[in-house]
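Chains as they are written, first to last, in numbering that gives the first Met the number 0: chain L, 0 to 295; chain G, 0 to 318; chain Z, 0 to 667.
The set of hints was computed from the structure by calculation and includes no laboratory data. Everything numeric in this text was worked out from a predicted model, so none of it was measured. Honestly, I wouldn't trust all of these hints.
Which chain G residues face chain L? A few, computed with CB under 7 angstroms, are given here [stated by the list, open to error]:
no., residue
1, 14
2, 145
3, 273
4, 292
5, 295
Glycine residues also receive a C-beta, built at the ideal position from the N, C-alpha and C atoms.
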Amino acid sequence: MSDAAAQKQKRPALGQFGTVLWDVASRPSGAIGLALVLGHIILALISPWLVSYDFRSMDSSLILEGPSAEHWLGSDHLGRDILSRVLQGGRVALLVTGIATPIALLWGGVTGVLLGLIGGRADEVAMRIVDAFLSIPGVLPLLVLVTIFGTGNEVMIPTLAFFYGIPVIRVIRAATHDVVARDFVLAARARGHSRLSIVWRELLPNVRDAMMVEGAMRWSWMLLAFSSLSFLGFGVSPPTPDWGLMISDARAYMPLAPWGVLAPVIALSSLIIGINLTADALAKAMGIDRARKAVV
Amino acid sequence: MLRMLLRRLLLGVVTVWIVSVIIFAGVEALPGDACTAFLERDAKGKLLENCRHDLGLDKPAVTRYLDWAAGAVRGDFGISADGQQSIASMVGDRVKNSFLLAAGALAVGVPLAILLGVITGLWRDRWIDILFSTGAIFAMTIPEFVSATVLILIFAIWLGWVPAIVLTPADAPALDFFPEFILASVVLTMVMIAHIMRMVRSSVIEAMASDYVQMAMLKGVPYWRIVFRHALPNALLPAINVVALTVAWLLGGVVVVEVVFNYPGLGRTMIDAISDRDLPVVQALAMIVAATYVGVNLIADMLTILLNPRLRTQRMRRK
Amino acid sequence: MARPIIDIRNLSVGFTGRAGRTLPVLRNVDLRVCRGESIGIVGESGSGKSTLALASMGFLKQGLRVIEGSVCFNGEDMFARKLNQLEAIRGGQLGLIPQNSGQSLTPTMRIGAQMAEALELHCTLEKDAYRDRTIKLLSQVRLPDPEAIITRFPHELSGGQQQRVAIAMALAGEPDALLLDEPTTGLDVTTQAHILELLQDLARDRNMAMIYVSHDLGVIARACERVMVMYAGEAVLQGPTAEVLKDPAHPYARALLASIPRLCDPHLPVALDGRPPPPGGSGPGCAFAPRCALADDQCRAARPELLDAGGGSQARCLRHAQSHELTAGGAGSDPLHHRPDGAPALVLDDLSISYAAPGLLDRLFGGGGMGVPTVDDITITIASGETLGLVGESGSGKSTILKAVAGLLPPSGGTIGVGDGNALPEMVEQRRPQQLRRIQMIFQNPDDSLNPRHTVAEILAQPLRLYDGLSGKALTDRSVEILETVRLGAHYMDRLPGQLSGGEKQRVAIARAFAAEPEIVLCDEITSALDVSVQAAMLELLNEFKKMKDTTYVFVSHDLAVVRALSDRVAVLYQGRLCEIGPTEKVYGQQSHPYTSVLLNAVLEPDPDAAPNLMAEDVVELSPPARGCPFQRRCTRKQGSICENETPPWRETGGGHAIRCHIPLEEL
């Protein structure tokens, strides 16, 4: 124990957040996960300067060509460069989920904390409503809204944020309950701190861990939903590349040109696996058992 | 204990009721109704009015909700938007097919998942644990349409062992599906196994580190007897709820897999209905899936109450 | 001397630390126990005593390994045996009674099934004889109604009953030796006394060897012939119990004894400064040298061997001869006492508290109705500067009263007033800042009462910002100043609670309470999660604050000796009702309420000559009776129906001492 304490003191002063990040990065799974996620984010940011071909330009001489020196990952059924499309494909997904995830966390987290604090009847009623929402299959409301209102970011972001915030309520409410039962909250109440100050100083720092892990999970599930939508043909409209859409398109030509499927499959899987490895390492670093959270 | 069961049952009923309100209100809030969908978007005037009158859409929303809910309780979800078919008869076979797929995945998946969970938990941090735990992360996180696509590529296209997609009609006898749904079941089973296995693993680890297992060791109980009589009964109790969540997910959330394999189940029907903007069918499907979800979870909670001596014999504690 | 049944020679056990070094948890321990002998292993947390006990069963916790030495049972090395041989011995010839029976019994197995398993593994009985045998064993451990017990699950039994089941299970294998790992920790005093008496009777009847592991010298004094004192993984002193407890030949043992508060001693116990070294952290010399008043260069140069210290004892100390001059109890400083007739600081008037009303669904399904109030009819006036001790067993409502005073629980009746004569608003949210600052509370477990995400600086800043509006340098300066009053340096400011020891955490919690400059401090079992030597330091600290600031304390504890050390007046609670209240010497004196007598008599003192006197059964009552005297069901001096029907009157003995009982004063 004191050995660990000594170890802790040897580390540079990183602050609490830095310590957690350090812990994540020092686990093999965390290091791989972080590298994958950061790699994807960086590629998405710089891809406009990387791609040498317009992802829209078709070339009938290149239909379903295999990888070559000019087109590293080959080309698809319309003769478009797959590498350019794969690099471009991540941008929309990352943008939409990157905005929707914090919103989902924020509204789910705030509601969860409030319900956990209020308790009593209001909490019971609200939890029944949350249960009801959770029992409706996740993609259904997404599909309906997207069909009716279209697939623009102004539809996708609020819809994803709303529906993916609901499970967050549940998790954060439970975490709040655990913290509220502890004596340090009682001690703060006994000193007469305002409710707001108790929430801000005592509660949030302790719910934050659950929130970070939850955020990583929601992010990966949102990405999954986003690409599933385009895979099913309900997502981004065709000229824009998206991994789900690319997989769906290339499936028909799979026997002839498997590379068309493999490239987006690898891109999508590596990002989602990266996020999950990071979330796992994060949960371990913070002592939360993520496996227990199951499928909710 | 009876009070706890009753309480749980009541909560389930309340949840289903709230779901029905959400679904009904949600569809109400959308622009357009069955008639505008049926009669082209910009239908106006007399035709629209007649249609609305025929379908009872001119009645107040509350009345229509009550009619709809009363029908739904009896298993009658009205007729589809094109006015041709009774939803119940249209959906019936699809429900059966989805249950078939789920049953297949469950029959193989649950025992296997528990077995793997116990093995990885007991041999924690050994190679077998690292192998399966890493595998589980992959199985859990790779999107189903990705794994389905890869499996089709390997087993149907390169190896040619199984047909790639289901071509049998929805009302065909169950056995006809068999060769065709193998791949679909495999995809579903993989994801399911991963979730259940991870949960069982962590709960086995917790049980094996508990005071009562240490005590059993120091009482001279042989290892395997400790595992089976002391650790597992405690470790597997929480698994019931995870299995339930997975079952519910299998029934409702497998849209993508059914589409990939062209499997005529609930998920496919849902996609078709949404594409056709057939909102009554969507409503009915959502209701069926939600009620199943609540029902399965209810059963799991009740089983937990019955099997866990702490809950069974204690007066209900306030949470 | 007969052949020892357990023979531990030169045993060292350790684990591999982060840097790859081997860090020892036990160092060169020798222990021999023969049949019919009982030996006690005493030490504070981290001393290695539990590791030693488990090692004698051939069991080490995960990560630990034997570095050198051997553990022999009946002449054969336990660590050299095959697993199936070990399984035959464990629970058979060698039984274990675990520390926490509540968690050591498998929750999903009925008591009968767990007992039958022990019998099946270690007895040659026929299967159909198990039930009779189980019932016989359960009645041997004096469990009432054994037929009913075997159909129960562990959680349906009380702590005392679970402990008895664990004993019965250990006896099932007809053991030659019993290991007891803190067998009574966490039990109420009356239950503890009963369990120990039972164990002694069993040992006598069966001629077993017994090893008691405990942090509690009182338990050891009561149960053992020989004692071994452990410190930092070493046996520092061993010898006959009387010798070790009366005049120990080791400075650590003397300091440990001096830190234990006694019922008959009005002084404060003497604190032991510093903290024990972490595993592998002691230097080349004696592990205790850094904290020892006698240590010199020779002590710090090399580790001393166990030396003969006379009177049958061996001490691992070069200065054992001089150590007899050190204090060993009774020489602590005098606590500051106050007149109970000063201006009132806190007035509880007819206070009663009931737990929350049932929820909607409970009402729907019936049941859960309002029962008898948890706490009822509490009227106490506490004078300014006075210390009131509140004692009672678990469930007596003592913490509930504190929470109501702090405004965390709404009373269902009565009022709480402060010095100025005005009643306080019930809930903390309605109280004004000036009222809030006057009353501060310190909680039982600092692990739970300090926010794990806050540094010490942030923890101390909370009250300073709230009540004094301090910020910036003034805030830091004041925080450091307060930290120094609890004898922690400024370098603690940046630490998180997880980086502090239990005692340091509680000091921070105390500092936080006093940062508000309160008039009244509510102490809720503040020492029960701490080691005795640390406990003594906390008591000293509270006494110093009292000297400096004239603070009024309400001190809640289940430990009568701790209450005695600090309190001016003591109130005894049973089932949320007052039984007796008065000046400390009077309450602890001859004339007292039957319940107080039961409690006092059950206390185990670290004195081999004192024997507890058991007067009442250790029954756990879940709710107080609706009428009459709260103690009627357990009282050995019950007068008849009057006790069942009429609330007993307060009988004054003079000097502010009052007893609530139907029995006339002369007979009490």
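To see whether the hints hold, each was checked on the structure:
Hint on residue 14/G holds. Least Cβ distance to chain L is approximately 5 angstroms, under the 7 angstroms limit. Using the Cβ-Cβ criterion of 7 angstroms, the hint placing residue 145/G at the interface with chain L is satisfied: the shortest such distance is roughly 5 angstroms. With its C-beta approaching chain L no nearer than about 5 angstroms, residue 273/G sits inside the 7 angstroms limit, and its interface hint holds. Taking 7 angstroms as the C-beta cut-off, the interface hint given for residue 292/G holds, the closest approach to chain L being about 4 angstroms.
The closest approach between the C-beta of residue 295/G and any C-beta of chain L is roughly 10 angstroms, which is over the 7 angstroms cut-off, so the hint fails.
In summary, the one numbered hint that this structure violates is 5.
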